[in-house]
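Residue strings, one per chain:
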Amino acid sequence: MEHHPEDTTMTFHKAKKVVIVAEKIIASKIAAVIEEQGGKGYTVVQAGGKGEHGSHYTSERAAVVDDFSTVRIEVVVADREVAERISKKVVEKYFDKYSGIVYLMDVEIIRTTKFSPKS
Amino acid sequence: MEHHPEDTTMTFHKAKKVVIVAEKIIASKIAAVIEEQGGKGYTVVQAGGKGEHGSHYTSERAAVVDDFSTVRIEVVVADREVAERISKKVVEKYFDKYSGIVYLMDVEIIRTTKFSPKS
Amino acid sequence: MEHHPEDTTMTFHKAKKVVIVAEKIIASKIAAVIEEQGGKGYTVVQAGGKGEHGSHYTSERAAVVDDFSTVRIEVVVADREVAERISKKVVEKYFDKYSGIVYLMDVEIIRTTKFSPKS
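Residue numbers (the numbering used here), protein chains in the order written: chain B, 1 to 119; chain F, 1 to 119; chain W, 1 to 119.
For the record, the hints were derived by calculation from the structure and aren't laboratory data.
Check the hints yourself; a few may be wrong.
A pair holds if it fits inside one copy or across any two, identical chains being indistinguishable in the list.
[Unchecked claim] The list that follows gives simulated cross-link-like pairs (lysine to any residue, SDA-like), each with its CA atoms no further than 20 Å apart:
1. Lys97 / Glu81
2. Lys24 / Thr11
3. Lys88 / Arg111
4. Lys14 / Tyr98
5. Lys29 / His13
6. Lys93 / Val33
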């Protein structure tokens with residue numbers, strides 16, 4: 001069942017995306033930090049690669065493609081403040097001991113406002 | 001066989017990226033919408049995670065890393081108008097019934113102009 | 001062991017992200033280019049999808065979700081110059097023969113400065 005276009009208004013709103021690349025072993029801990037700091041959803045993708053600072057995620061470049069000891073976690077939040085809080089907490093709690101990177105990006109998220117005159 | 005640098009001019013052009021995170025079950029339908037609305041290519045990655053609005057993609061946080069019931073689809077298009085059209089159509093057709101998010105980002109895409117004086 | 005917040009200052013710095021989507025068969029060669037051109041780390045994710053210019057990564061749309069003949073490689077670098085160099089070299093060396101796309105994005109990367117008065 002498709003929604004009727006005339007019932008919905010869609011607008012784009014500026015938001016921030018936090019991207020966290022980290023060792024898979026701490027993925028669920030990072031998910032907990034995200035939720036505690038106000039993130040309402042996140043997307044997790046298995047990844048491989050090579051870290052900065054000499055901390056290789058994989059031992060050989062040729063193995064890079066089939067390595068999945070890393071996760072790439074994305075969180076989209078409405079406020080920069082929440083994005084910064086998540087970023088700082090993850091770095092503070094885990095990136096002394098584990099390798100990884102955290103960065104922010106600008107996004108525009110689509111929001112829908114529904115009108116249901118008959119309900 | 002490598003291309004000779006002097007034969008090619010490369011420039012960067014502003015473009016829009018649409019990111020759609022949705023349930024895997026509707027991935028091919030979303031791909032169809034992308035093509036119908038003018039997207040010429042897209043990249044699909046298996047993902048897991050947790051949705052906003054209480055719609056969990058996974059039942060437990062600890063399972064987040066090994067869950068792949070979600071897809072993350074990226075489309076890069078030259079015009080904002082096409083990006084908006086894809087976004088709105090996906091939300092309109094599927095996000096009443098299925099959970100997911102859609103957002104836009106600014107990118108600069110590399111374009112090559114080749115000069116082949118001998119061909 | 002957690003790090004004490006008072007020992008660390010965290011700041012966000014503008015940086016560039018290069019995203020390269022390419023055939024998996026050349027992933028390790030692209031990784032080599034990234035390192036040669038000054039990239040210090042990169043993240044690799046298995047992907048599927050459909051390319052522009054009629055070069056399909058998959059033969060059928062329905063197969064899109066389960067295809068993984070493609071990789072999505074991300075590199076975050078401090079300077080736009082390095083980002084451009086990586087992008088151009090990848091396009092120049094491989095995108096004549098192989099299909100793929102390369103684009104840049106703005107990011108803000110978190111950096112930590114640690115104070116260790118006792119060490």
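Against the structure, the hints:
For the homomeric pair Lys97 and Glu81, neither the shortest alpha-carbon distance inside one copy (25 Å) nor that between copies (31 Å) is at most 20 Å. Taking the shortest Cα distances, Lys24 and Thr11 never come within 20 Å of each other, neither inside one copy (35 Å) nor across copies (25 Å). In this assembly of identical chains, the alpha carbons of Lys88 and Arg111 lie at most 20 Å apart only when taken from different copies (10 Å versus 27 Å within one copy). Taking CA atoms no more than 20 Å apart as the test, Lys14 paired with Tyr98 passes in neither setting, with 32 Å inside one copy and 23 Å between copies.
Taking the closest pair of Cα atoms, Lys29 and His13 never come within 20 Å of each other, the shortest separation being 29 Å inside a single copy and 25 Å across copies. In this homomeric assembly, Lys93 and Val33 come within 20 Å of each other (Cα to Cα) only inside a single copy, at 9 Å, whereas the closest approach across copies is 33 Å.
The earlier numbered hints that this structure contradicts are 1, 2, 4, 5.
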